[in-house]
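Once you have looked at the hints, place chain B on chain A.
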Amino acid sequence: MKIKNQRDFWSGLMFIVIGIAFAWGATSYNFGSSARPGPAYFPFGLAVLMSLLGALLLFKSLTIETDDGEPIGAWAWKPLGVIVAAVAVFGWALPHLGMVIALPLLVIGAAMASDEFHWKDAVINAVVLTIGCWVIFIWGLKLTIPLWPTLFAR
Amino acid sequence: MMDLLNNLSIGFGVAFTLTNLLYAFGGALLGTLIGVLPGLGPVATIAMLLPSIYALDATPALIMLAGIYYGAQYGGSTTAILINVPGESSSVVTAIDGYQMARKGRAGAALAAAGLGSFFAGCVGTIIIAAFAPPLTELAFKFGPAEYFSLMVLGLIGAVVLASGSLIKAIAMILLGLLLGQINTDVISGVPRYSFDIPELTDGIGFVAIAMGVFGFGEIIANLGKPAEHREVFTKDVKGLWPTRQDFMNAFPAVLRGTALGSILGVLPGGGALLASFAAYTVEKKMRMSPGEVPFGQGNIRGVAGPESANNAGAQTSFIPMLTLGIPPNAVMALMVGAMTIKGIQPGPQVMTSNPELFWGLIASMWVGNAMLVILNLPLIGIWIKLLTVPYRFLFPAIMSFCCIGLYTLNNNAFDVYMGAGFAVVGYVFYKLGCEPAPLLLGFILGPMMEENLRRALLLSRGDWTTFATRPLSAGLLLAATLMIVVVMLPSIKKKRAEAFQEEA
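Chains as they are written, first to last, in the working numbering: chain A, 1217 to 1370; chain B, 92 to 596.
Just chain A, with the same shape it has in the complex (with noise of 0.2 Å):
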């Protein structure tokens, strides 16, 4: 059997896997009956309905031609790795490093993403936006956001 739609054949694969994932968690709850619907009434509907729909769209996607095959075509592993683990790692280091170190680690690291990547560049941003943030986030709305290193603040 060939793959006609790559797109849909996943998304539809997705859908299934997820709605059984959603239905399975639903059974550990109260299901109650239609005339006094538990915890697990609605989720456990949705769940099944998106699972059909799932099904629906792999049953489409290995029967409906399409002319290129709509191929999901490549991943772009290192903006998805670089710009994820920037994120993360800022939300560990904001409240432990304070937004002096976190915010230049969030820009620079993010800024290794780019194919365009400037060492200069990418510290000009940070020194700009670390500013920017302290006028607009700290000292503007009075946002209760650390600063500085939990070592050296009181």
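Mixed in with the good hints there might be a few duds.
No more than 25 Å apart at the CA atoms, straight line, and that leaves these computed lysine-lysine pairs for DSS-like [stated by the list, open to error]: (1) B/K317 with A/K1294; (2) B/K477 with A/K1336; (3) A/K1358 with B/K434; (4) B/K317 with B/K195; (5) A/K1294 with A/K1336; (6) B/K317 with A/K1336.
If you want the footprint, here are the derived chain B segments under chain A, 3+ residues with CB under 8 Å [unchecked claim]: (7) 304–316; (8) 519–530; (9) 544–551.
Here are some of the chain B residues that sit facing chain A, going by a computed Cβ distance under 10 Å [as the list claims (entries may be wrong)]: (10) L270; (11) S280; (12) G281; (13) F485; (14) P488; (15) C494; (16) W556.
Calculated directly from the structure, the hints in this document are not laboratory data.
Glycine included, every Cβ here is placed at the ideal spot set by N, Cα and C.
Showing chain B alone in chain A's frame:
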């Protein structure tokens, strides 16, 4: 009629005092700033400012909060148009055509259409509140849980019409959004669902984390994955800051339709402005195209003007249930109710008679606030556009910085930042698989409300599903939803057939 004029004159008398004008201006300015910063929504801002209103009188306090609300609404559409990150749930639709306009160098026209359309809708909304507040509340009384459920089904189906890709995929995305909305603590039984014993998940996933992860980070990854010359950046030649005469001719009817829809839907508690903007986009898409018009999804000015007017009109009229019944239709209104209680005013029907200055003053200041937004924003359009000429390698780290800080400040907790990172992956997968994320976001927002109303309706009907079809209002809404699907299916069937025939020939 005399009553109306009389009431409005009381209102404007209150609104045009110097202090109240200042508070309206301050609120609108703060709101715009906050709306432009993705992630910092009006809810967070109003919540932060609640303690500070202890020092203020009730009227200026509420006027300022209302100003923040409109300002944020407007600022939210600015980011939707400029960087495709809807700052507010109701500007999700604006991003579709607004961002395309910006990419074609017509950001100025899009922003002006949004601003002027919103202002017009705001003026009409103000008059409507003043004139129809009492009778319109009667309509809301007729809505039971079954009607709400059907209304939301209609709203979601309307959202499907928005997705330009496959219908099945769009509906599946709505369902996925609804399911993500189920990750919370069950309202009725108090059971935490799908939380894996993570305490943060028992409150549900933040709307902002999904919006930023999928629309913000996911989009950035997708852009960086393309070679620089194919990147979704903006054309350098910006064609004028102002809409052309033709733009006005196209946009004006859309503004009128959007205003009408928004005024009606805004009254319904439960995301009136949101439904209104989606409904307006649907209506515009179904209208006949005038010759030479840009198709929808590629930067049609009607796709900006209609929904923007609708969401502003809806935002205005959503004050009606709050002011007359004390029922907050959305989170912002809930905070306004909180602010009123802080000031010792019991929201409800008696506000209109016991605090006429507050009631009519607030209504008049809505108009004043809208006028200020136009004055404030039209000159700023030039600055926003300058922002777009910044090279992408500087722009995307800036977007990420604002998003990350916004995510962190949601709960002063790194958890939302991690969620944002997770949804970045999800967003990129959606992009790769050709699944449009806008319907998912809508499903996610409406999910909990939909479940509550479904379960209440079933409780009331003792488990009888026909309740949705036998109650006339609900049946009408469901019928409209079915019709919509049929209408959407028709042209695609036609197109498919045409393609098949061509292959045979």
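Do the hints match the structure? See the list:
Annotation: proposed proximity of B/K317 to A/K1294 holds, straight-line Cα distance about 11 Å (limit 25 Å). Between B/K477 and A/K1336, the direct Cα distance comes to roughly 23 Å. Compliance with the 25 Å bound is thereby established for this hinted pair. For the hint pairing A/K1358 with B/K434, the CA-to-CA distance comes to about 24 Å; that is within 25 Å, so the pair holds. A threshold of 25 Å between alpha carbons decides the hint, and for B/K317 with B/K195 the separation of about 19 Å falls inside it, so the pair holds.
This hinted pair checks out: A/K1294 and A/K1336 have alpha carbons roughly 21 Å apart, not beyond 25 Å. Of the pairs offered as hints, the one joining B/K317 and A/K1336 holds, with about 23 Å between alpha carbons and a cut-off of 25 Å not exceeded. With 6 residues having a beta carbon nearer than 8 Å to a beta carbon of chain A, the segment 304–316 of chain B meets the requirement of three or more and the stated coverage holds. For the segment 519–530 of chain B, the stated coverage by chain A holds: 6 residues have a C-beta nearer than 8 Å to a C-beta of that chain, and at least 3 were required.
With a threshold of 8 Å between beta carbons, the proposed coverage of the segment 544–551 of chain B by chain A holds, since 4 of its residues qualify and at least three are required. Satisfaction of the interface hint for B/L270 is found here, the shortest Cβ-Cβ separation to chain A being roughly 5 Å, below the 10 Å cut-off. A cut of 10 Å between beta carbons decides the hint on B/S280: the least distance to chain A is about 5 Å, and the hint holds. For B/G281, the shortest C-beta to C-beta distance to chain A is roughly 9 Å, which falls under 10 Å, so the interface hint holds.
At its closest, the beta carbon of B/F485 sits 5 Å from a beta carbon of chain A; the interface hint therefore holds under the 10 Å criterion. Hint on B/P488 holds. Least Cβ distance to chain A is approximately 4 Å, under the 10 Å limit. The interface hint given for B/C494 is met, as the beta carbon of that residue sits about 8 Å from the closest beta carbon of chain A, less than 10 Å. Interface restraint check for B/W556: the shortest CB-CB distance to chain A comes to about 7 Å, inside 10 Å, so the restraint holds.
Consistency with the previously given hints is maintained throughout, with no hint failing.
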